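A.B. asks: Residues 89 to 458 (my numbering) are what the sequence shown spells out, left to right.
Please note: incorrect hints may appear among the correct ones.
[Said to hold, decoys possible] Result set (DSS-like, lysine-lysine): computed pairs, CA atoms no more than 30 Å apart in a straight line:
| hint | residue 1 | residue 2 |
| --- | --- | --- |
| 1 | Lys368 | Lys172 |
| 2 | Lys373 | Lys453 |
| 3 | Lys368 | Lys418 |
| 4 | Lys418 | Lys319 |
| 5 | Lys172 | Lys314 |
| 6 | Lys454 | Lys319 |
| 7 | Lys391 | Lys236 |
| 8 | Lys319 | Lys351 |
| 9 | Lys418 | Lys373 |
| 10 | Lys441 | Lys319 |
| 11 | Lys203 | Lys108 |
[Claimed, not checked] Derived CB-CB ranges, DEER-like:
| hint | residue 1 | residue 2 | range |
| --- | --- | --- | --- |
| 12 | Trp311 | Ser240 | 36 to 44 Å |
| 13 | Ser449 | Leu269 | 44 to 52 Å |
| 14 | Lys433 | Tyr139 | 50 to 58 Å |
| 15 | Lys261 | Tyr139 | 38 to 46 Å |
| 16 | Val109 | Glu348 | 36 to 44 Å |
Think of the hints as simulated: they come from the structure by calculation, not from any bench.
Fair warning: this is a prediction, and the values are worked out from it, not measured in the lab.
Every residue gets a Cβ at the ideal spot worked out from N, C-alpha and C, and that includes glycine.
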Amino acid sequence: MMLIVCLPVFIAAITLWRNKVERTPSRYLSAALVVTILSVMPQIIGFAGFYNVWPGLTFFPFSNDLWLGPLLYLHAYSLMTGAKLGWRRYLLVPGIIQTTYYSACFLFLGDYQAKWAYNDALHYPYIYPVETTLSVVFLFASLVFIWKLYGSYLAFLNTTQSTLADFDPVWIKRSVQISLLTALLFFLFEVLNATMGLSYVGGFPFLVAIMLCIAWLSIEAIWGLKESYPKPSYSKPSRDNDALAEEPSKPSQPSSLNGELIKQQVKQNAWYLQARFSLKDLSAKLGTNETYVSRAINQDLHKSFNDFINDLRVEHAQQLINQSLTQEVKLALYPLALDSGFNSKATFNRVFKQTTGITPSQYIKKSHIL
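Please construct the entire structure, taking both the sequences and the accompanying hints into account.
C.D. replies: So this is what it looks like as structure tokens:
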């Protein structure tokens, strides 16, 4: 059963490692998945009777939990910032120490009797509790920082991209939620293991639940890493959206630049119909910088760049729907989405409902009635 549950995680790890899109974050996540598989290997081989045949497998470096939190954080950091790791690379040091420790114990302690004696005298009463505590602390700390990164990334997308719904790494949010559940199950398992001495059979349901959660996470990741994500370094507005609203206009800003003029230019040239239209693209077309354009949209139109462009797209879709009703032409939603500047039907449905309060299908039915 456990082997079957681990199989999709293993396949996902290989798929992510070979992924050519967002290679660095994909490989960090792939490594994290390998760590989770290794962590349940003692249960898998224990049920298969490996320890009875080869008792010397004690202390084989299956336990690598100190890698998990840092690898997940580095995955999110490299995906959503694209920046150099700097000091963050040292977050992997505890994992390296842990793996080195288990490898040394496995190779140099002697036969299984010497290993069991060392386990009873030193490892289990002193090292194991510290190791478990650090693993949980590292994982929870990583999830907190990942959540902060996710919030900052959404703010960046909202300010500089017209495709927030496409590039929103919602699977990372779900991954955090799954990881929290996984961490709670892991913590409960470790507490019960320390107090009650769970056998393989007793801990089996916990581990199956954990691996099912991770299998779900890995599938979400594969679907989410099919294209490159915009990075803040690619487009550098000097302030976020809220700061731009509060900061007075600088004297160097062109006096003719205002939100209404920008809106007129965007509508006249139908720039909003470009699927990947960004603040950087608009600034280049207007011959000014992103800070001024973002400030003008925010202050004069009271919208973020994402909302500004998508409102125009939804308005265009409504016009196409009304024209089709007048001409008695039946519209399919997918072509309608593409013709309105959206990349997918799902994104079109979501943005249309956020803007109008109803889905495109409901809008069409309502227009038919009227």
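A.B. asks: Hint by hint, note whether the structure agrees.
C.D. replies: Going through the hints against the structure:
1. Lys368 x Lys172: holds (23 Å)
2. Lys373 x Lys453: Not OK: Lys373 and Lys453 at ~38 Å, beyond 30 Å, violated.
3. Lys368 x Lys418: violated (36 Å)
4. Lys418 x Lys319: With Cα atoms ~40 Å apart, Lys418 and Lys319 exceed 30 Å; violated.
5. Lys172 x Lys314: holds (22 Å)
6. Lys454 x Lys319: violated (40 Å)
7. Lys391 x Lys236: holds (23 Å)
8. Lys319 x Lys351: Cα-Cα ~25 Å, so holds.
9. Lys418 x Lys373: violated (35 Å)
10. Lys441 x Lys319: With Cα atoms ~27 Å apart, Lys441 and Lys319 stay inside 30 Å; holds.
11. Lys203 x Lys108: violated (43 Å)
12. Trp311 x Ser240: 36 to 44 Å: violated (23 Å)
13. Ser449 x Leu269: 44 to 52 Å: With a Cβ separation near 34 Å, Ser449 and Leu269 fall outside 44 to 52 Å, so the hint is violated.
14. Lys433 x Tyr139: 50 to 58 Å: Between Lys433 and Tyr139, where Cβ atoms are some 53 Å apart, the hint holds.
15. Lys261 x Tyr139: 38 to 46 Å: holds (39 Å)
16. Val109 x Glu348: 36 to 44 Å: holds (39 Å)
Of the numbered hints listed earlier, those contradicted by the structure are 2, 3, 4, 6, 9, 11, 12, 13.
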